[in-house]
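> Read top to bottom, the protein sequences are chains A and B.
Numbering of the first sequence is given in my numbering, commencing with residue 1 and proceeding in unit increments.
Numbering of the second sequence is given in my numbering, commencing with residue 1 and proceeding in unit increments.
Possibly wrong hints are sitting among the right ones.
Pairwise CB distance ranges, derived in the manner of DEER restraints [unchecked claim]:
(1) B:S166 - A:Q114: 38 to 44 Å
(2) A:F123 - B:G101: 36 to 42 Å
(3) B:E105 - A:D98: 45 to 51 Å
(4) A:G48 - B:D175: 29 to 35 Å
Bear in mind the hints are in silico, worked out from the structure with no lab data behind them.
Just so it is clear, CB atoms sit at the ideal spot from N, CA and C, and this is done for glycine as well.
Number of protein chains: 2
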Amino acid sequence: MAYSGATFGSTQGHIQVSPEIQKWFATLDRDHSGRITATELKSALANGQGSTFSDTACKLMIGMFDKEKKGTIDIQEFQALFNYVNAWLGVFRGFDHDNSGSIQESELSAALTQMGYRFSPEFIKFLIQKSDFNQHQSISIDQFIVLCVQIQRFTEAFRQRDAQQSGTISIAFEDFLSVALNCSV
Amino acid sequence: MAYSGATFGSTQGHIQVSPEIQKWFATLDRDHSGRITATELKSALANGQGSTFSDTACKLMIGMFDKEKKGTIDIQEFQALFNYVNAWLGVFRGFDHDNSGSIQESELSAALTQMGYRFSPEFIKFLIQKSDFNQHQSISIDQFIVLCVQIQRFTEAFRQRDAQQSGTISIAFEDFLSVALNCSV
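All chains, full assembly: derive it from the sequences and hints.
Pasting the structure below:
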């Protein structure tokens with residue numbers, strides 16, 4: 001098989017909220033609604049490149065942790081999201097050998113290989129080009145998260161339709177479009 | 001067939017640059033490099049909802065008109081992009097019957113039907129939910145462009161693989177992933 005792909009972190013279950021997170025959440029939740037939006041989240045997440053996380057990354061993550069699908073998260077979900085970002089940060093730092101805050105082609109390749117994917121060098125180049133909005137030939141932590149989550153989602157959708165694990169699926173137009181739009185961020 | 005889908009506008013050929021565009025481009029091109037980035041483009045495009053076009057929309061459009069794939073566009077490409085946005089704006093306004101600057105479910109459904117698609121009401125709901133970052137149950141012009149371009153791209157990719165026009169394709173994992181990541185924005 002050419003695909004495998006590891007996932008980690010959980011969006012389920014009860015999570016203990018730390019005092020640090022309580023303080024942080026209160027600062028972000030300006031209208032005291034008990035929930036924060038992607039825009040409020042954005043102001044909380046630095047990408048290590050002198051910028052906040054992208055709109056895309058914030059929207060993606062709110063969507064992952066927002067159980068009620070309202071486009072907002074409560075404090076429990078915020079703690080889960082925080083843990084999730086930290087776990088990704090650990091992976092990212094493990095491959096960012098020069099500690100530059102961004103990872104290059106060879107580092108991305110190593111990261112995806114460790115996750116169980118086998119991609120050609122051309123495909124890795126394509127992934128960088130696709131993610132790298134600022135043309136730096138490298139990707140930041142938020143771009144890395146978006147990319148990995150996208151690959152995981154498409155892999156999962158493919159796998160569900162590949163019962164025989166043959167590496168090829170048969171798919172109808174509406175299903176194709178749903179998967180494509182649903183998994184993309 | 002369940003899919004058809006119209007496209008319009010051209011990203012090819014020589015385009016006459018108007019004096020208005022020349023002036024506008026000069027304002028945006030702050031470093032006088034003769035090319036503008038997605039970030040510079042963003043400051044030029046209002047979405048009629050008191051906001052600029054999203055990062056996603058700007059990145060998508062730069063990608064469509066940037067012939068050299070440098071992530072920037074020159075003045076000719078800017079004029080082409082401007083014409084393209086205006087054409088979409090014409091479509092959008094045609095369906096925004098209450099002139100609210102955003103279109104709702106029924107209006108989106110009518111727009112996509114006119115483009116040759118036949119989608120179920122559930123699918124239209126899903127499209128709004130997918131695009132509507134601010135939970136207004138409606139989509140703005142930039143979200144509309146992103147959505148239509150995405151649908152068009154996935155439809156085109158599907159069609160290329162559906163030689164018999166049977167409405168079902170057989171697709172391998174790497175090809176699937178390339179299509180999914182390449183067409184998504």
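> If a hint holds in the structure, say so; if it doesn't, say that too.
Hint-by-hint comparison with the structure:
no. : hint                        : result
1   : B:S166 - A:Q114: 38 to 44 Å : holds, 39 Å
2   : A:F123 - B:G101: 36 to 42 Å : holds, 40 Å
3   : B:E105 - A:D98: 45 to 51 Å  : holds, 50 Å
4   : A:G48 - B:D175: 29 to 35 Å  : holds, 34 Å
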